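Q: Sequence:
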Amino acid sequence: MFTNCKISDRQLKKMLLFDLISISILIIPCIAARGAGKDGLLAIIAAGAAAVCYGLMMLCFCKQIKIDYISYSQNTLGKFFFFLFGLFYLVKFFCSAVFVLSLFTSVIHETLLANTDNRVILFWLLLVSVYYASKMMEVRARIAELLYYPVLIPLLLLFLLGFFKISPANLLPLAITGTTPVLKTGYAVLLTFSAAELILFATPSVSGADENNKFRRKVIQAIILASVFNLVVFVVVTGLLGVSGASSRLWSTISVMQMIEIPGGFVHRQDALMLSLWLSSIFTITSTLFYYLCHVTKSMTGITKQRYIMGAYAAVLFLIAMRPLNLEALAYYFGKYIAFIGFPQSILLPLLVILVGRFRKEADT
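Going left to right, the sequence shown walks through residues 64 to 428 as our numbering numbers them.
Keep in mind the hints are simulated off the structure, nothing from the lab. Note that the coordinates shown come from a computational prediction; the quantities given were computed from them, not determined experimentally. Watch out, some of these pointers could steer you wrong.
[What the hints assert, rightly or not] EDC-like, lysine to aspartate or glutamate: derived pairs with alpha carbons at most 20 Å apart:
hint, residue 1, residue 2
1, LYS69, GLU201
2, LYS198, GLU208
3, LYS198, GLU391
4, LYS129, GLU425
5, LYS277, GLU201
6, LYS142, ASP427
7, LYS69, GLU208
8, LYS277, GLU208
9, LYS129, ASP72
10, LYS126, GLU425
11, LYS247, GLU391
12, LYS126, ASP72
13, LYS277, ASP72
[Stated by the list, open to error] Using C-beta positions, here's what the derived DEER-type ranges look like:
hint, residue 1, residue 2, range
14, ALA378, PHE144, 24 to 34 Å
15, ASN276, PHE144, 28 to 38 Å
16, PRO387, LEU414, 21 to 31 Å
17, LYS142, LEU237, 45 to 55 Å
18, LYS198, ILE130, 31 to 41 Å
19, LEU224, LYS399, 30 to 40 Å
20, LYS228, PHE144, 27 to 37 Å
21, ALA375, LYS228, 42 to 52 Å
22, ALA375, ILE130, 45 to 55 Å
23, LYS424, PRO236, 48 to 58 Å
24, MET199, ALA375, 18 to 28 Å
25, ASN178, PHE143, 46 to 56 Å
Using N, Cα and C, we set each Cβ at its ideal position, and we do this for glycine too.
Using the sequences provided together with the hints, build the complete structure.
A: Next up, the structure:
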């Protein structure tokens with residue numbers, strides 16, 4: 064991480080919230096409805112509670128490491144093991160980027176730009192994301208701060224308008240599917256909070272993070288707000304479409320936006336409005352992935368030309384994501400990877416680094 068630029072805890076909160084909800088608001092209603100039916104509501108609540116614990120764990124790791132996570136790991140593990148360590152993160156960030164890019168192009172192509180080639184959509188997303196990622200942390204934080212209220216408030220209001228059309232029969236009764244489906248679905252929803260691990264990388268850029276309890280509160284607030292967003296979206300989507308409708312397609316949220324009418328009739332394509340706002344937030348997660356792909360690669364290889372690294376990743380991602388991938392199959396395999404490898408590594412790798420660091424410190428003394 065480029066720690067010469069400093070951001071505030073408030074800016075980190077806004078960046079983290081964008082990272083957490085930019086994808087989850089599209090896919091969580093489908094994930095929760097498919098896994099637990101009406102009890103997907105309980106699964107989201109359980110996942111929110113677990114996500115707070117996960118965030119506290121990441122903050123605890125940050126407190127133990129105190130400095131830049133990558134630099135600390137490099138100094139602690141040695142060259143060979145650090146290379147293996149870095150590969151785990153590169154694979155995770157790269158796979159996440161493939162999924163996000165594929166989801167983005169599919170949604171926009173099917174809803175807004177049906178006559179536009181997927182490759183054109185993908186190209187412009189990559190171009191803007193690389194440009195955004197090339198900026199220093201302080202610039203990216205200011206952009207997130209600028210977009211925060213203009214994006215989130217209209218989105219939340221649009222979903223709240225849907226409450227007036229909800230059918231209670233689509234949401235009730237609860238607690239009918241059993242504990243196991245709720246817990247499994249809760250874990251699947253929890254996986255969407257894996258972006259919270261990025262605070263391990265970002266903490267050195269936050270002014271006074273090591274002695275500022277306010278910073279820790281901001282992180283937890285971002286996780287709680289993301290949970291509230293997920294809950295509201297699930298209630299509206301399932302309340303309007305029912306369990307079968309919510310689980311019928313990966314981005315069932317878009318279908319709901321076509322049913323919500325804005326008072327006054329001055330907007331006739333609510334789905335287009337929501338997507339336009341969502342586009343603003345999607346660039347935050349794609350640029351974040353590029354940013355950390357570049358950062359880890361530079362630390363592993365010693366290459367100093369950032370634009371070469373970003374250009375290489377953009378070219379490879381374009382060649383992969385431009386192919387006509389089956390998004391449902393991609394989401395399935397990506398979910399399996401995150402569930403069994405990606406998410407556990409976000410806990411085990413920093414824990415391993417901290418334990419090795421303590422052992423070496425004791426050995427030196």
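Q: For every hint, state whether the structure bears it out.
A: Do the hints match the structure? See the list:
{"no.": "1", "hint": "LYS69 x GLU201", "verdict": "6 Å, holds"}
{"no.": "2", "hint": "LYS198 x GLU208", "verdict": "15 Å, holds"}
{"no.": "3", "hint": "LYS198 x GLU391", "verdict": "33 Å, violated"}
{"no.": "4", "hint": "LYS129 x GLU425", "verdict": "18 Å, holds"}
{"no.": "5", "hint": "LYS277 x GLU201", "verdict": "19 Å, holds"}
{"no.": "6", "hint": "LYS142 x ASP427", "verdict": "19 Å, holds"}
{"no.": "7", "hint": "LYS69 x GLU208", "verdict": "14 Å, holds"}
{"no.": "8", "hint": "LYS277 x GLU208", "verdict": "17 Å, holds"}
{"no.": "9", "hint": "LYS129 x ASP72", "verdict": "16 Å, holds"}
{"no.": "10", "hint": "LYS126 x GLU425", "verdict": "19 Å, holds"}
{"no.": "11", "hint": "LYS247 x GLU391", "verdict": "19 Å, holds"}
{"no.": "12", "hint": "LYS126 x ASP72", "verdict": "15 Å, holds"}
{"no.": "13", "hint": "LYS277 x ASP72", "verdict": "7 Å, holds"}
{"no.": "14", "hint": "ALA378 x PHE144: 24 to 34 Å", "verdict": "29 Å, holds"}
{"no.": "15", "hint": "ASN276 x PHE144: 28 to 38 Å", "verdict": "34 Å, holds"}
{"no.": "16", "hint": "PRO387 x LEU414: 21 to 31 Å", "verdict": "40 Å, violated"}
{"no.": "17", "hint": "LYS142 x LEU237: 45 to 55 Å", "verdict": "54 Å, holds"}
{"no.": "18", "hint": "LYS198 x ILE130: 31 to 41 Å", "verdict": "23 Å, violated"}
{"no.": "19", "hint": "LEU224 x LYS399: 30 to 40 Å", "verdict": "36 Å, holds"}
{"no.": "20", "hint": "LYS228 x PHE144: 27 to 37 Å", "verdict": "56 Å, violated"}
{"no.": "21", "hint": "ALA375 x LYS228: 42 to 52 Å", "verdict": "48 Å, holds"}
{"no.": "22", "hint": "ALA375 x ILE130: 45 to 55 Å", "verdict": "28 Å, violated"}
{"no.": "23", "hint": "LYS424 x PRO236: 48 to 58 Å", "verdict": "55 Å, holds"}
{"no.": "24", "hint": "MET199 x ALA375: 18 to 28 Å", "verdict": "21 Å, holds"}
{"no.": "25", "hint": "ASN178 x PHE143: 46 to 56 Å", "verdict": "51 Å, holds"}
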